[in-house]
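Participant: Chains as they are written, first to last, in numbering that gives the first Met the number 0: chain A, 0 to 269; chain B, 0 to 280.
Keep in mind the hints are simulated off the structure, nothing from the lab.
Computed from a predicted model, the values in this text were never measured in an experiment.
Glycine included, each C-beta is placed from N, C-alpha and C at the ideal position.
Check each hint, because a few of them may be wrong.
As the list claims (entries may be wrong) - A short, non-exhaustive set of chain A residues, derived as facing chain B with CB atoms under 10 Å: (1) Ala95; (2) Gly96; (3) Pro98; (4) Ser146; (5) Lys211; (6) Ile219; (7) Val233; (8) Tyr243; (9) Asp247.
Here is how the chains run, residue by residue.
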Amino acid sequence: MSIHENNNDMGITEAELTSLTADMVDAHHETYPKMRESISQWTELESASIRRAVSRRGFLATASAMIAGGVALATAGPAAASTRGALARVTPDSTAGVPLDVVVAGLAASLENLAVTTYGAALSAAGAGKLGTVPAAIGTFAKTAMSQHADHAAAWNSIIKQVGYKPITAGNPVYAKVVDADFAKVTNIAGVAELALTLEGIAAATYLEAIKALSTPSAIGIAASIQPVEMQHVAILNFVLGKYPVPDAFASLAGAAPVSSASGLAFAKS
Amino acid sequence: MDYDEQGLGELIEQSEDIQSDAMRASREQFGEIVELGQEARAHGDIDHDQSLAFAEQRSRLMRQSLVGVGAAAGLGAAILALSESAAFAGSPTDIQILQTAASIENIAVATYGVALTLPFIGGASANGVVKAFVTTTRKQHIEHAAAFNSAIKTLGGKPQTKPDPVLLQVVDKAKPTLTSAAKVVALAITLETGAAETYVKDAAALKSVDAKNLTASIMGVEAQHVSILLAVQALLAGGAAADIALPPPLAALPAAAGSVGFPNAFYSTTAARPATEGAIS
Numbered sequence: 000m001s002i003h004e005n006n007n008d009m010g011i012t013e014a015e016l017t018s019l020t021a022d023m024v025d026a027h028h029e030t031y032p033k034m035r036e037s038i039s040q041w042t043e044l045e046s047a048s049i050r051r052a053v054s055r056r057g058f059l060a061t062a063s064a065m066i067a068g069g070v071a072l073a074t075a076g077p078a079a080a081s082t083r084g085a086l087a088r089v090t091p092d093s094t095a096g097v098p099l100d101v102v103v104a105g106l107a108a109s110l111e112n113l114a115v116t117t118y119g120a121a122l123s124a125a126g127a128g129k130l131g132t133v134p135a136a137i138g139t140f141a142k143t144a145m146s147q148h149a150d151h152a153a154a155w156n157s158i159i160k161q162v163g164y165k166p167i168t169a170g171n172p173v174y175a176k177v178v179d180a181d182f183a184k185v186t187n188i189a190g191v192a193e194l195a196l197t198l199e200g201i202a203a204a205t206y207l208e209a210i211k212a213l214s215t216p217s218a219i220g221i222a223a224s225i226q227p228v229e230m231q232h233v234a235i236l237n238f239v240l241g242k243y244p245v246p247d248a249f250a251s252l253a254g255a256a257p258v259s260s261a262s263g264l265a266f267a268k269s
Numbered sequence: 000m001d002y003d004e005q006g007l008g009e010l011i012e013q014s015e016d017i018q019s020d021a022m023r024a025s026r027e028q029f030g031e032i033v034e035l036g037q038e039a040r041a042h043g044d045i046d047h048d049q050s051l052a053f054a055e056q057r058s059r060l061m062r063q064s065l066v067g068v069g070a071a072a073g074l075g076a077a078i079l080a081l082s083e084s085a086a087f088a089g090s091p092t093d094i095q096i097l098q099t100a101a102s103i104e105n106i107a108v109a110t111y112g113v114a115l116t117l118p119f120i121g122g123a124s125a126n127g128v129v130k131a132f133v134t135t136t137r138k139q140h141i142e143h144a145a146a147f148n149s150a151i152k153t154l155g156g157k158p159q160t161k162p163d164p165v166l167l168q169v170v171d172k173a174k175p176t177l178t179s180a181a182k183v184v185a186l187a188i189t190l191e192t193g194a195a196e197t198y199v200k201d202a203a204a205l206k207s208v209d210a211k212n213l214t215a216s217i218m219g220v221e222a223q224h225v226s227i228l229l230a231v232q233a234l235l236a237g238g239a240a241a242d243i244a245l246p247p248p249l250a251a252l253p254a255a256a257g258s259v260g261f262p263n264a265f266y267s268t269t270a271a272r273p274a275t276e277g278a279i280s
């Protein structure tokens, strides 16, 4: 079953809603100049600021702990061992010598890439009839969210390239392995929505952590401009799944991807 | 669930285990403020122009605050000494930003309170989902205001209990026109958008780590409020109020309903309120 066009008989028409969203699309395009301006400021990375030992306790503490994770979990008994996952088996660190802001940008890009491929796979599966009946609104959600995640990845890669590194074009390998395995088990649209909700939650929490970890003002600004959008994706997915859409008064750091999960990314000077 | 969540669950659980000290941003307290100051001092990360510009006001605010709360002499003197060091150069601006944030929350709380007195929002004729949303959102704004004021007090400032003066005018002007749910939703979108965009801007501008983390933890929630309000607005505009339900009738919704709640890939700051608009003069 493919994603179908819904010729509904309700009061609101496709044209009306499309018209309502047209202004918003224009507004979306208006955000790009500001984003480019922020990106152009990324050359601050070359300044001394990036080499300062500013407070980035969350990511750094996490990174240290994750790198030592295998040992720590192995000595902590069965309960802790049960939490041992892919992160304890990170690949040799590719982030050595790479400025932390670049590592965080790469981590963000890799999560965005993973979101793009996951939504893409979901749309392909829907098109192949593997997910049952797919409501038209869900198809639009997936296409729009995928497009926005691609924009996010492009923004991070623009700044990565500006400071002389090659773009991160692959999905995060640590999370991709698990997401791919889970996606293979999805049989309907509710399962896709649950998986997307988890991914969006990880992205939102990671950006919240990134705002703490980043030192370059323009990079903080970019993370701050993306985190609310991921939170909006979460709200709509909650609603779609019949859950209260805004359950918490404060966004949580729970589930944020640790910086060590960037250690398998291909950081290389261009 | 149609897939085994174990794998992702492990990733999240492990992340949470390791980040057990990374509590919700709003709960981190004075220690990191001191740390920020120490680090800034150690690395020469001081904006001396800003320091000079705000030094007088900072001292006044801090003295007023400490006297006002009757701080114990020893602790009060220590905090005051810290505040007057270069390490706290950014604190007064942060206080102003946070006071504006609190004022935005206060006007939101008041406005949702008024909305709940209207029969089509809080009364018998109201849509149940809309009523629940307005009730819950008002409570969340109360929590936000309390959190911002707590941060203000931690930084030595005076809590802001009044509404943003400019937004208050907007609300006062709109009140007589609130004759339908759609008009209430439109006003709420204005307030929520202003809040979210202000905090996005603030998250990059604030110098205090605590203030930055707190603001960042709230901005996305306001954006979520906007998202749901935009979806509700679209359905109301299309005469589809009956489809505002939890869960929604997905099959009945038009395709465009899937994206109306998140129109931009990057959150704008064009509607951000001026940083000192709600500050206490």
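Participant: Each hint should be assessed against the structure and marked as holding or not.
Facilitator: Hint check results:
1. At its closest, the beta carbon of Ala95(A) sits 20 Å from a beta carbon of chain B; the interface hint therefore is violated under the 10 Å criterion.
2. About 21 Å separates the beta-carbon of Gly96(A) from the nearest beta-carbon of chain B, more than 10 Å, and the hint is not met.
3. The interface hint given for Pro98(A) is broken, as the beta carbon of that residue sits about 16 Å from the closest beta carbon of chain B, more than 10 Å.
4. The beta carbon of Ser146(A) comes within 7 Å of a beta carbon in chain B, closer than 10 Å, and the hint placing it at the interface holds.
5. At about 6 Å, the closest approach between the beta carbon of Lys211(A) and any beta carbon in chain B falls short of 10 Å, and the interface hint on this residue holds.
6. The criterion of a C-beta within 10 Å of any C-beta in chain B is met by Ile219(A), whose closest approach is roughly 5 Å, and the hint holds.
7. Annotation: interface hint on Val233(A) holds; nearest CB of chain B at approximately 7 Å, less than 10 Å.
8. Annotation: Tyr243(A) was flagged as interfacial toward chain B, and the flag holds, the nearest CB pair being 7 Å apart, inside 10 Å.
9. A least Cβ separation of about 7 Å between Asp247(A) and chain B falls short of the 10 Å threshold, and the interface hint therefore holds.
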